[in-house]
Amino acid sequence: MFDGAIKNATQVTVVVLTLCVIGIMCALRLPVGMIPDLEVRTITVETAWPGATPQDVEKEILIQQEDYLRTLSGLQRIISTASMGEAVIELDFPFGTDITEALIKVNNALSQVPSYPENVDEPRLYATSFSSNFFMFFRIQPMSDQPVELDMLRMRDFIDDNVRPRMERVHGVSQVAVVGGADRQVQIRLNPNKLAAAGITVADLRKTIRDRNRDFSAGDLDSGKRRYLLRTIGRFESVDEFQSMIIARRGDSIIRLGDVATISLEHFEVRSEAFVDGQPTINMFLRKEVGSNVIAIKKAMMPVVDQLNREVLAPANLVMTPITDDVRYVKASVSNVWRNLIIGSVLATIVMWLFLRSVPATMVGVIGIPVCTIAAFIGLFAAGRTVNVISLAGIAFAIGMTLDNSIVVLESIERFRKNGLDRFAAASAGVRQVWRAVLASTLTTVLVFAPILFIEEEAGQLFSDIAIAISASIVASMLVSIAVVPAASARVRLSRDDSQGGLLERLGDGFRVAVVGVIGWLVRSRARAVITASGILTGAVLLIVFLTPPAEYLPEGEEAKTFSLMIAPAGYNLSEMSDIAEELHEDFVPYVGLDPDLYAAGDSDVPAMSWIVTFVNPKTVFMIAETTDPSHINDLMRMLNTRFQEFPGMRGFSSRGSIISSNDGGSRSV
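Under this note's numbering, the first residue of the sequence shown is numbered 1, with each subsequent residue one higher.
In short, the hints are calculated from the structure, not lab data. Treat the hints with care, as some may be off.
[Stated by the list, open to error] Straight-line C-alpha distance at most 16 Å; calculated EDC-like pairs for lysine to aspartate or glutamate:
no.: 1; residue 1: K194; residue 2: D259
no.: 2; residue 1: K105; residue 2: E66
no.: 3; residue 1: K194; residue 2: D183
no.: 4; residue 1: K299; residue 2: E168
no.: 5; residue 1: K299; residue 2: D325
[Said to hold, decoys possible] Pairwise CB distance ranges, derived in the manner of DEER restraints:
no.: 6; residue 1: K207; residue 2: P315; range: 34 to 44 Å
no.: 7; residue 1: G649; residue 2: E101; range: 44 to 54 Å
no.: 8; residue 1: M143; residue 2: N107; range: 34 to 44 Å
no.: 9; residue 1: E266; residue 2: E66; range: 14 to 24 Å
no.: 10; residue 1: K207; residue 2: Y116; range: 15 to 25 Å
no.: 11; residue 1: V113; residue 2: D211; range: 18 to 28 Å
no.: 12; residue 1: S217; residue 2: Q187; range: 23 to 33 Å
no.: 13; residue 1: I78; residue 2: N162; range: 33 to 43 Å
no.: 14; residue 1: G74; residue 2: L230; range: 48 to 58 Å
no.: 15; residue 1: G74; residue 2: R226; range: 52 to 62 Å
no.: 16; residue 1: M143; residue 2: Q187; range: 21 to 31 Å
Backbone N, C-alpha and C fix where the C-beta goes; we use that ideal spot for every residue, glycine too.
Let's have the full structure, built from the sequences with the hints guiding it.
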C-alpha cells in the first residue's frame, strides 16, 4: 500500500484534489450560525384570558390543563405560571425526544379539557431552544414627515395581516413575532339607566348580541338543473351595524343597541408596551428554522423589507427599519475565528520550518493543514452540523495536531536518507517504521473526543462540533502522513540547511544539556527527587485553588449590548411602570446617536448609544441598549443599575449576553 502511494503520486494528487473540491462544496453548503443547533426539548403552552386575575387563571385554566398534561409519557418537569390574563405551562422532555411527536401528544391532551370560561383564547404551543432565539429585529413607526399623528396601538392588526405573513414566507424563517400595539376590539359601553328603563338585563343583551352576530348555514335549494347552498349572513361588518341592531320591542317601539349603549372601535386592554429610542413602536422579531443559514436569511429578508416599505407601509404612512441583528455579530465572530485559524497556520508553518530548517521539507509537512481543514468540513457536513464559532474553534485546535503525524513521518524518512537510502527507498522504509505509531496516536486522539458525541445534554450538543472537527482532521492527517507525505518527500530534497539553523541548533543543544543535567542531579538523590516532585504537585494544587477563575456555563459575548431588567414589587400596574420607563427614557434616550468621543473626553455623563429598546409590563421594565463604543458598555450597565436602585422597592440588574443566551441576556450580572 505504501509503495503504491509513493510510486503513483499523480493518482494520490488527484484523490487529494477531489477530496478538497468535495470539502469546499460541503463548506459552502453548511449553514452558518453563532452556535450549533440545539435539540428542542421544551414545549410552552400559553393560554390568554383577558382581564382574569391570577387566582381565576389558576383555578379555571391551569389546574384543568395540568390534569391532562401531567400524564404525558416521558415528561420530566412541568412548570406552571398564572399571571394577570395569561396562563403559561412549560413542559420539559428528555433529550432525544421526538419533539414533533411530543407536540402532537400535548395538543391531544389539551383537546381533552372539557371547557374553558368564555373569552379564553385557544392555547398556543411553542417548541423552542436556545439556538432558535430571535436573531433579527425591526421596528415599524410613523414616517417622520407624515401629517397625521398615528395611534400605533391601532396598527397591530394591519401589520399582523399585511406584513408578518410576507416576512414569514422568507426561506429559513420559522416565526415572526409582532411585539407592541393591541388588537382591535369593538367596545360597547352600556348606560345602566337606559337599560333599566327598557327592562333589559345585561345577560339578555349579551345573549342577543351573540345570537345576532353570527352566520348560519340554511341548507340547500334545488332550482331547475342547479343546486344552491344557502346561508344567512348575520355577522356585523361595521360599528354602524351594531348601532342599528334591534335588541328589543316594546309595543310599537323598537329599541336598538345604540339607544342604550355607546359603541366604538377601540383596542384591547394594553398589557405591555414597547419603545425604541423612547418612541412607541411595533416591533418585528424573527426566529430562524433549525439548520438554516442566518446570513442567507438576512440577505433574502432585506429586499422583502424594502418591498414592504414601498407597497404596504408607505401608503399607511409607516416605515420599517432594522434595529439590530445577530448576523453582524455572527459574521464578526466567524471572521475572527477564521483569522485566528489562518494566523495559527502561519505560525505553525514558521515553527515547523525553524525545526526542520528546510523549505521543501516544511512545504511537504504543511500540506496537511489545508487538506485536514477541508476534511473537517466534510465531517461536519456528513454529521449535519453547522459552521459556527465552536466548530471553527475545533478546526483551529486541530491545526497543531494535524502536523504531528507529518513531522513523525518526515523525521523517520530523513533518518533513513541519512543512512544512505535513496529517496523512494527512504520514503518507503520511513513510513513503514512509524505507521503503527501514527495509527495508534490517531485512534487515541479520536477516542478521547468520541464520548462527547454520545452526550445528549446541551453540553454534548454544543461541543460535539469540536469533537467532529478535530476527529475528522486527525483522521485526515493520518492519511496524509502515510500517503501524501511519503509520495511528496520522495520527489523533493529534505536535507536540512544547517547554516540557517545554527543558532537554533545551539539553543536546542543548550536546552537539552540543561534538562539532562537537572534530571541527572535529581535522580542521584532520592530525597531531592521526592522533595522536587512534592513541590511541583503542591504548586500545581495552589495554582488551581487560588488562580482558577469563576465558573460559568459559557463566556460572555463580545457584543456591546446590555440586558437590563428592573423587577417591580407585587401589585404594580402598567401605568406606574410606564411612568418609570418614561423617567428612564428622559435620562438615557438623549444620548442615542451622540459622538462616543464626548463621553471619553468627559463632556457627556452617559456613554453614547446606537439604540435603546424598552419593554414595559406591570411586573418589569426590560431595557436592551448597545453602546456605540464597545469599551463603554460596562459603564452603561453600572449607570442603569444605579438608576434602577433609585426607585423604591425595585430590584434591578444588568448583564451581557453569552454566545448561547443570544438576546435574552447572559448569566453574569453587574
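Going down the list of hints, with the structure as the test:
1. In summary, the hint linking K194 to D259 is supported, as the alpha carbons are separated by about 8 Å, within the 16 Å threshold.
2. About 14 Å separates the Cα atoms of K105 and E66, which keeps this hinted pair within 16 Å; it holds.
3. At roughly 30 Å between alpha-carbon atoms, K194 and D183 are farther apart than 16 Å, so this suggested pair is violated.
4. With a CA separation close to 14 Å, the supplied pair K299 and E168 stays within the 16 Å bound.
5. Restraint check for K299 and D325: the C-alpha separation of about 12 Å stays at or below 16 Å, so the hint holds.
6. As the Cβ distance of K207 to P315 is approximately 41 Å, the hint placing it in 34 to 44 Å holds.
7. Taken as a hint, the range 44 to 54 Å holds for the pair G649 and E101, whose Cβ atoms sit roughly 46 Å apart.
8. Under the hint 34 to 44 Å, the C-beta atoms of M143 and N107, about 42 Å apart, fit the expected range.
9. In this structure the hint that E266 and E66 lie 14 to 24 Å apart at CB is violated, the actual value being about 35 Å.
10. Remark: the range hint 15 to 25 Å for K207 to Y116 is upheld by a beta-carbon distance near 19 Å.
11. Under the hint 18 to 28 Å, the C-beta atoms of V113 and D211, about 26 Å apart, fit the expected range.
12. Checked against the hint of 23 to 33 Å, the pair S217 and Q187 passes, with Cβ atoms roughly 30 Å apart.
13. Separation of I78 from N162 is about 38 Å and conforms to the stated range, judged on CB atoms against 33 to 43 Å.
14. A C-beta distance of roughly 50 Å is found between G74 and L230, which places it inside the suggested range of 48 to 58 Å.
15. For G74 paired with R226, a C-beta distance near 55 Å keeps the hint of 52 to 62 Å intact.
16. Between M143 and Q187 the CB atoms are about 29 Å apart, so this pair conforms to the stated range of 21 to 31 Å.
The structure does not agree with the numbered hints 3 and 9 stated previously, though it agrees with the rest.
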